[in-house]
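K.L.:
Below are the chains, spelled out letter by letter.
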Amino acid sequence: MTASENSAGVTKDTVSPLLVQNLSKNYGAIEAVRNASFNLNKGEVFGLLGPNGAGKTSIISCIVTLEKPTSGSIFVGGFDVQKNPREAKRNVGFVPQEIINHGYFNVEEILSFQSGYFGLLHNRERTDYILHELRLYEHRHKKVKQLSGGMKRRLLIAKALVHSPQLLLLDEPTAGVDIELREQLWQFVKKLKAEGVTVLLTTHYLEEAEQLCDRVGLIDKGEIKMVESTQFLIDKFTGRSVRVKFRNVVAPRDFELRTGETVGDLINKEKLDVNQIEDINISEGTLEDAFRRVIYQ
Amino acid sequence: MSSNVQSEKFRGSNVKGQADLFLGPFYSLLRKEVMRFLKVSMQTILTPMVSSLLYLLIFGVSLGAYIQMKGGISYLEFLIPGLVMMGCLNNAFQNSSSSIIIAKFSGDLEDLKVAPISYTQIILAVALGGLVRGVVVGTITYVVGAIFCYFKADTVIAIHHPLWLLVFIVLGGLSFSLLGLAAAFWAKSFDQMAAVNSFILLPLMYLGGVFFSIDNLHPFWQSIARANPLIYFINGVRYGILGVSDVTPEHACVVALVTLVLMYWLAFRTLARASFLRW
Ligand SMILES: Nc1ncnc2c1ncn2[C@@H]1O[C@H](COP(=O)(O)OP(=O)(O)O)[C@@H](O)[C@H]1O
Ligand SMILES: [Mg+2]
Chain D
2 MTASENSAGV
12 TKDTVSPLLV
22 QNLSKNYGAI
32 EAVRNASFNL
42 NKGEVFGLLG
52 PNGAGKTSII
62 SCIVTLEKPT
72 SGSIFVGGFD
82 VQKNPREAKR
92 NVGFVPQEII
102 NHGYFNVEEI
112 LSFQSGYFGL
122 LHNRERTDYI
132 LHELRLYEHR
142 HKKVKQLSGG
152 MKRRLLIAKA
162 LVHSPQLLLL
172 DEPTAGVDIE
182 LREQLWQFVK
192 KLKAEGVTVL
202 LTTHYLEEAE
212 QLCDRVGLID
222 KGEIKMVEST
232 QFLIDKFTGR
242 SVRVKFRNVV
252 APRDFELRTG
262 ETVGDLINKE
272 KLDVNQIEDI
282 NISEGTLEDA
292 FRRVIYQ
Chain U
187 MSSNVQSEKF
197 RGSNVKGQAD
207 LFLGPFYSLL
217 RKEVMRFLKV
227 SMQTILTPMV
237 SSLLYLLIFG
247 VSLGAYIQMK
257 GGISYLEFLI
267 PGLVMMGCLN
277 NAFQNSSSSI
287 IIAKFSGDLE
297 DLKVAPISYT
307 QIILAVALGG
317 LVRGVVVGTI
327 TYVVGAIFCY
337 FKADTVIAIH
347 HPLWLLVFIV
357 LGGLSFSLLG
367 LAAAFWAKSF
377 DQMAAVNSFI
387 LLPLMYLGGV
397 FFSIDNLHPF
407 WQSIARANPL
417 IYFINGVRYG
427 ILGVSDVTPE
437 HACVVALVTL
447 VLMYWLAFRT
457 LARASFLRW
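Chains as they are written, first to last, in the working numbering: chain D, 2 to 298; chain U, 187 to 465.
Among the clues, some could well be false.
Going by beta-carbon spacing under 7 Å, a handful of chain U positions derived as facing chain D [stated by the list, open to error]:
1) D206
2) L207
3) K225
4) M228
5) G293
6) A411
In silico BS3-like pairs for lysine-lysine, Cα to Cα no more than 30 Å straight-line [stated by the list, open to error]:
7) K299(U) x K194(D)
8) K43(D) x K272(D)
9) K192(D) x K299(U)
10) K69(D) x K222(D)
11) K146(D) x K338(U)
12) K270(D) x K222(D)
13) K256(U) x K146(D)
14) K225(U) x K191(D)
15) K299(U) x K43(D)
16) K194(D) x K84(D)
17) K144(D) x K338(U)
18) K299(U) x K153(D)
19) K374(U) x K153(D)
20) K225(U) x K143(D)
21) K192(D) x K146(D)
22) K222(D) x K374(U)
23) K192(D) x K237(D)
24) K43(D) x K69(D)
25) K299(U) x K143(D)
26) K144(D) x K225(U)
27) K299(U) x K84(D)
28) K374(U) x K84(D)
29) K191(D) x K143(D)
30) K374(U) x K69(D)
31) K225(U) x K146(D)
32) K225(U) x K222(D)
33) K225(U) x K69(D)
34) K43(D) x K191(D)
For the record, the hints were derived by calculation from the structure and aren't laboratory data.
Note that beta-carbon positions come from the ideal geometry of N, C-alpha and C, so glycine has one too.
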């Protein structure tokens with residue numbers, strides 16, 4: 002079966018790396034995901050951004066078939082993950098949120114098994130490359146319990162990359178990770194993007210989405226509220242805030258600058274007396290502001 | 187362009203066309219199953235050896251001196267094939283069940299679900315892994331028993347029908363490995379797994395004719411005993427080694443085959459409904 006026979010997610014000549022359509026997932030009475038739809042473009046980094054319990058892991062679990070959707074469908078590279086799981090999964094790399102233990106096996110053995118699961122029995126060249134890339138090569142004879150927290154997380158990423166997947170799913174890759182490793186992981190994701198890998202990452206760190214993602218889907222209480230380019234979200238929903246301190250007045254006044262507005266515009270608009278102004282303080286908008294506006298408006 | 191090719195190579199290429207989704211996952215998982223029990227061979231091989239030695243000492247020597255079996259064989263001789271098969275079946279079961287329970291606990295069972303592996307591949311690899319351990323333990327038990335018998339009773343335990351022996355070892359090892367797999371995928375906790383062990387496996391084992399011949403039982407208990415598939419596996423192996431048994435090898439073989447098919451069906455059904463999520 003070729004990809005084009007599975008028509009969903011196929012537009013003209015490009016096949017969507019990931020297409021999620023009207024996905025709902027209930028756990029008993031809990032509605033973890035409600036009618037979520039989004040589509041990834043080839044080669045982009047897409048962020049699912051939302052607070053804890055928003056339903057991010059549930060969506061990822063449905064993509065990798067660890068959970069069965071209550072309704073809706075998911076296509077990876079044009080293949081329905083329910084109907085054609087093996088074809089869909091062979092091009093996906095998955096980094097789970099929680100560390101996985103492997104008991105008796107060392108890093109090298111774990112990667113060798115993992116390669117085999119994807120049909121690659123002679124994959125030494127690739128696994129060695131990944132071990133070097135993630136700075137695990139010197140630790141390749143250690144068991145998981147002998148690795149530091151950061152190394153464990155890098156091992157999870159190494160496992161997800163043995164088969165050179167076209168789509169990489171990262172579930173909260175930097176949760177509970179120190180600043181240095183976070184920076185390294187961000188660099189690594191940028192490198193993968195440069196290699197043409199499509200990345201879906203979930204995060205509740207706004208800064209992470211801002212740094213890495215081309216587009217962001219804002220999710221809260223199981224619903225995707227908005228899918229937009231990161232820059233658009235920042236431009237549209239954040240204003241620069243301006244704090245003006247007047248002479249002889251103790252309390253400063255706060256104003257907001259809309260996109261394209263200058264401080265001069267503000268002074269004219271608000272008819273402020275320039276001679277009375279003692280100090281002006283401008284702070285730039287962040288994705289955090291956008292997030293607040295969309296989710297808590 | 188050429189730099190592109192170079193960086194592709196440097197990245198450690200793995201051309202998709204080389205991927206063998208048929209043999210790759212199966213072979214890899216089988217290798218993992220076998221390596222796992224070899225890494226803990228203290229528990230998985232040495233312990234069963236010690237326990238069969240204890241059985242030989244207690245039942246074969248101290249108690250067995252007072253028991254005479256039909257066909258002129260000593261109780262010690264009678265006991266050895268039963269111990270061989272009990273070791274084989276028990277270890278086949280323990281191998282697949284503990285491998286899966288541990289994988290559920292540590293989370294690497296999720297790796298199997300996320301990878302492009304079919305249920306059939308998982309079942310075949312895990313079942314064969316269990317069989318390998320069953321054969322290793324069975325062989326060791328036989329060697330220990332034969333040496334023991336030689337020095338204690340001056341008897342050589344030769345294998346009378348090696349092909350029948352092989353048939354029953356393979357059918358039995360696979361069946362119990364599959365049962366272990368089904369039980370472990372079904373279990374939602376350590377307690378449930380322990381319950382299968384003590385309420386299903388152990389009674390089947392101890393009432394399976396390792397220690398007694400059903401001919402010595404009251405007809406009522408005989409008919410009960412015949413409902414236990416273990417009787418056929420153990421008597422099959424006894425026929426393979428000693429050339430005597432309570433049931434004919436053909437009869438035993440049919441029961442063994444039917445059991446294997448049932449166990450495969452049970453394993454497949456359980457797997458298809460099972461959650462691979464970690465505990
Ligand atoms: N296996 C489960 N059983 C019951 N409820 C669950 C299960 N997994 C997740 N949930 C619930 O579903 C909701 C979404 O969880 P999750 O997808 O893990 O969110 P996130 O990854 O965004 O933090 C939460 O309310 C969580 O408690
Ligand atoms: Mg989560």
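K.L.:
Hint by hint, which ones does the structure fall short of?
P.N.:
4, 6, 8, 11, 12, 13, 14, 17, 32, 33
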